[in-house]
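Colleague: Residues per chain are reported as follows:
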Amino acid sequence: MKSYKKIGLALTLAALMVLVAACGGGASTDKNEGLSNKDSKNAELSGSLTVSGSSAMQPLVAAAAEEFMAENPNVDVQVNAGGSGTGLSQVAEGSVQIGNSDVFAEEKEGIPADQLVDHKVAVVGMTAAVNPKVGIKEIKKADLIKVFTGKITNWKELGGADQKIVLVNRPDSSGTRAVFNKFALDGATPAEGITEDSSNTVKKIINETDGAVGYLAFSYFTDDSVTPLAIDGVEPTEENVQSGHFPIWAYQHSYTKGEATDLAKAFLDYLMSDDIQNTLLKEQGYLPVTKMKVERDAEGNQKDL
Amino acid sequence: MTYFRGVWCIMEKLEPAKDRLLKSKKNWLDGEIRGRILVILCAVIMISATISITIFLGSKGLQSFIKNGVSLIEFITSTHWNPTNLAKPEYGALPFIFGSFAVTLLSALVAAPLGIGGAIFMTEIAPSWGRKILQPVIELLVGIPSVVYGFIGLTILVPFIREHVGGLGFSLLSGTIVLSIMILPTVTTIATDAMSSLPKNLREGSYALGATRWQTIRKVLIPAALPTLLTAIVLGMARAFGEALAVQMVIGNVRDLPTSLLDASATLTTIITLNMGHTTYGSVENNTLWSMGLILLIMSFAFILLIRYLSSRRKM
Numbered sequence: 001m002k003s004y005k006k007i008g009l010a011l012t013l014a015a016l017m018v019l020v021a022a023c024g025g026g027a028s029t030d031k032n033e034g035l036s037n038k039d040s041k042n043a044e045l046s047g048s049l050t051v052s053g054s055s056a057m058q059p060l061v062a063a064a065a066e067e068f069m070a071e072n073p074n075v076d077v078q079v080n081a082g083g084s085g086t087g088l089s090q091v092a093e094g095s096v097q098i099g100n101s102d103v104f105a106e107e108k109e110g111i112p113a114d115q116l117v118d119h120k121v122a123v124v125g126m127t128a129a130v131n132p133k134v135g136i137k138e139i140k141k142a143d144l145i146k147v148f149t150g151k152i153t154n155w156k157e158l159g160g161a162d163q164k165i166v167l168v169n170r171p172d173s174s175g176t177r178a179v180f181n182k183f184a185l186d187g188a189t190p191a192e193g194i195t196e197d198s199s200n201t202v203k204k205i206i207n208e209t210d211g212a213v214g215y216l217a218f219s220y221f222t223d224d225s226v227t228p229l230a231i232d233g234v235e236p237t238e239e240n241v242q243s244g245h246f247p248i249w250a251y252q253h254s255y256t257k258g259e260a261t262d263l264a265k266a267f268l269d270y271l272m273s274d275d276i277q278n279t280l281l282k283e284q285g286y287l288p289v290t291k292m293k294v295e296r297d298a299e300g301n302q303k304d305l
Numbered sequence: 001m002t003y004f005r006g007v008w009c010i011m012e013k014l015e016p017a018k019d020r021l022l023k024s025k026k027n028w029l030d031g032e033i034r035g036r037i038l039v040i041l042c043a044v045i046m047i048s049a050t051i052s053i054t055i056f057l058g059s060k061g062l063q064s065f066i067k068n069g070v071s072l073i074e075f076i077t078s079t080h081w082n083p084t085n086l087a088k089p090e091y092g093a094l095p096f097i098f099g100s101f102a103v104t105l106l107s108a109l110v111a112a113p114l115g116i117g118g119a120i121f122m123t124e125i126a127p128s129w130g131r132k133i134l135q136p137v138i139e140l141l142v143g144i145p146s147v148v149y150g151f152i153g154l155t156i157l158v159p160f161i162r163e164h165v166g167g168l169g170f171s172l173l174s175g176t177i178v179l180s181i182m183i184l185p186t187v188t189t190i191a192t193d194a195m196s197s198l199p200k201n202l203r204e205g206s207y208a209l210g211a212t213r214w215q216t217i218r219k220v221l222i223p224a225a226l227p228t229l230l231t232a233i234v235l236g237m238a239r240a241f242g243e244a245l246a247v248q249m250v251i252g253n254v255r256d257l258p259t260s261l262l263d264a265s266a267t268l269t270t271i272i273t274l275n276m277g278h279t280t281y282g283s284v285e286n287n288t289l290w291s292m293g294l295i296l297l298i299m300s301f302a303f304i305l306l307i308r309y310l311s312s313r314r315k316m
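Protein chains in written order, with the numbering used here: chain A, 1 to 305; chain B, 1 to 316.
Keep in mind that the hints were calculated from the coordinates and are not lab data. Every residue gets a Cβ at the ideal spot worked out from N, C-alpha and C, and that includes glycine. Among the hints, a few may not be true.
Coverage of chain A stretches by chain B, computed from C-beta distances (three or more under 8 Å per stretch; other residues unrestricted) [to be verified]:
id: 1; segment: 166-174
id: 2; segment: 189-196
Taking beta-carbon pairs under 8 Å as the criterion, some of the chain B residues facing chain A (in silico) [unchecked claim]:
id: 3; residue: Glu32
id: 4; residue: Asn85
id: 5; residue: Lys88
id: 6; residue: Pro159
id: 7; residue: Phe160
id: 8; residue: Gly252
id: 9; residue: Asn253
id: 10; residue: Asp256
id: 11; residue: Leu257
id: 12; residue: Ala264
id: 13; residue: Asn275
id: 14; residue: Gly277
id: 15; residue: Thr280
DSSO-like cross-link-like pairs, simulated, lysine-lysine; straight-line CA separation at most 27 Å [stated by the list, open to error]:
id: 16; chain 1: B; residue 1: Lys88; chain 2: A; residue 2: Lys151
id: 17; chain 1: A; residue 1: Lys182; chain 2: B; residue 2: Lys60
id: 18; chain 1: A; residue 1: Lys120; chain 2: A; residue 2: Lys151
id: 19; chain 1: B; residue 1: Lys88; chain 2: A; residue 2: Lys257
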């Protein structure tokens, strides 16, 4: 009996060691490849790339990474989602090569924005969404601000159903919330309401709760479960965002520390290629950044291109 | 060592061959030392992990007060939480602290009678078949991940409360119900151990005096097991206090102080999980989240002290 146990223990230990060695070994070879990569720029791409940040961007970047890896079999791209703050922090401290964020680095406290290089890879449009039973399809911006700051508390004041307004917010630090507050509410602080992080949960709550209003990216308006609102008569469409008529949109940023090099540069170029911008982005509900007729800086000033 | 070896040789010569075939004492001694080192190592790792987490959390959690100049008084007494307002940021975490305590106490109020009742059922009323059914049920409850509890709460409980009780559905009540179910196994298991470890002669003595079964349970067994039963409740509360995911999905995460059970609310843990990913390391927002983590740690220390106090009372 005793000897069996010993053999078992030895085997377990051996297995563990092999595992540890394999993991450790893998990491170190990756680094070497990354280094050797710098010398031979024109050679076939190889090495590993770690991307972290915005959970909203994760599906898009992960899908692009998959296609990128299919084209470059020696490349390993890992896309983690931890939130925009995590992405920016990690790229600033150099623990990942690319940090995704749905806000400008300048807008986040404690990030050395001057050291980071911004690559705008996509545009996301968003608008206020209401429960279908509310019965309104458009809203004036001034009224929207009153709704979100709690000055209007019943939809009948806006010609809708006699239902109490229920706000569905995002967490304080969320990028979606920051964009919505800035461009839809003109910087007003929204009143208290249910707060959820995930867009799917927000959609579910708006759909199930009478009188609920929240905000979602265009890609979530795939069915009739929530009603997207036109603002000041401008429909929330791709064209209106691209022409600069619809105000609530934001860039999806990929930041690198210093200019992108080697693999990171190759991957970012790939993200900007027509292939990705015109097909994959659309599939994922984003707007191609290459087709924007306006551009915005970190302060939110918009100008025509 | 050489002295020992010398003695050893002499002894070996004196011993009959049969005994010498047994494992030599030297190997046994080696095993003893190896085992000792192994166990000490485990203990050292555990102790240093705890100490370093405490130090880390302490230094991180205090930074918002020391480095960012957030007032501690404001942090624990103000009800206004608005860290992203650049002109006038406010850092009052009282609504979250209150929310944490409210759901913890309320869920303990629900889970304690249920858990202790179940324990009495298993040990006193139906020790054979009752235990056979209830034990696996409780083990199953332990095994369900908290995210599943949250999802069930969000899909079934929240709409149910909205339609049949009132309010939005996202409420202290929903959080309380979900947490009660989650801490029920903890309370029941420890309460069952407490009841079944009571000496038999307590029951026999009580019966001999002519007490009925219910009288025995109420007047003899429960008072005798009380300190451990309280420990069971406190351990359940400690778990409820730290639960984040399931609560976040059903409580609504509103930054205002709740005025009724049907109001949406927020807890320290839900605010941390909601904001952690969005904030950047070293920013005030991030540091205030660490401060909330520190409060959670201090509370868990308080719970442990309470448990220690209760167990010391049991010994007397």
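Colleague: Look at each hint and say if it fits the structure.
Modeller: Okay, the hints, checked on the actual structure:
no. : hint                : result
1   : 166-174             : holds (count 5)
2   : 189-196             : holds (count 6)
3   : Glu32               : 16 Å, violated
4   : Asn85               : 6 Å, holds
5   : Lys88               : 10 Å, violated
6   : Pro159              : 6 Å, holds
7   : Phe160              : 12 Å, violated
8   : Gly252              : 4 Å, holds
9   : Asn253              : 4 Å, holds
10  : Asp256              : 5 Å, holds
11  : Leu257              : 10 Å, violated
12  : Ala264              : 6 Å, holds
13  : Asn275              : 5 Å, holds
14  : Gly277              : 2 Å, holds
15  : Thr280              : 4 Å, holds
16  : B/Lys88 x A/Lys151  : 21 Å, holds
17  : A/Lys182 x B/Lys60  : 31 Å, violated
18  : A/Lys120 x A/Lys151 : 36 Å, violated
19  : B/Lys88 x A/Lys257  : 31 Å, violated
Violation of the numbered hints given earlier is confined to hints 3, 5, 7, 11, 17, 18, 19; the remaining hints are satisfied by the structure.
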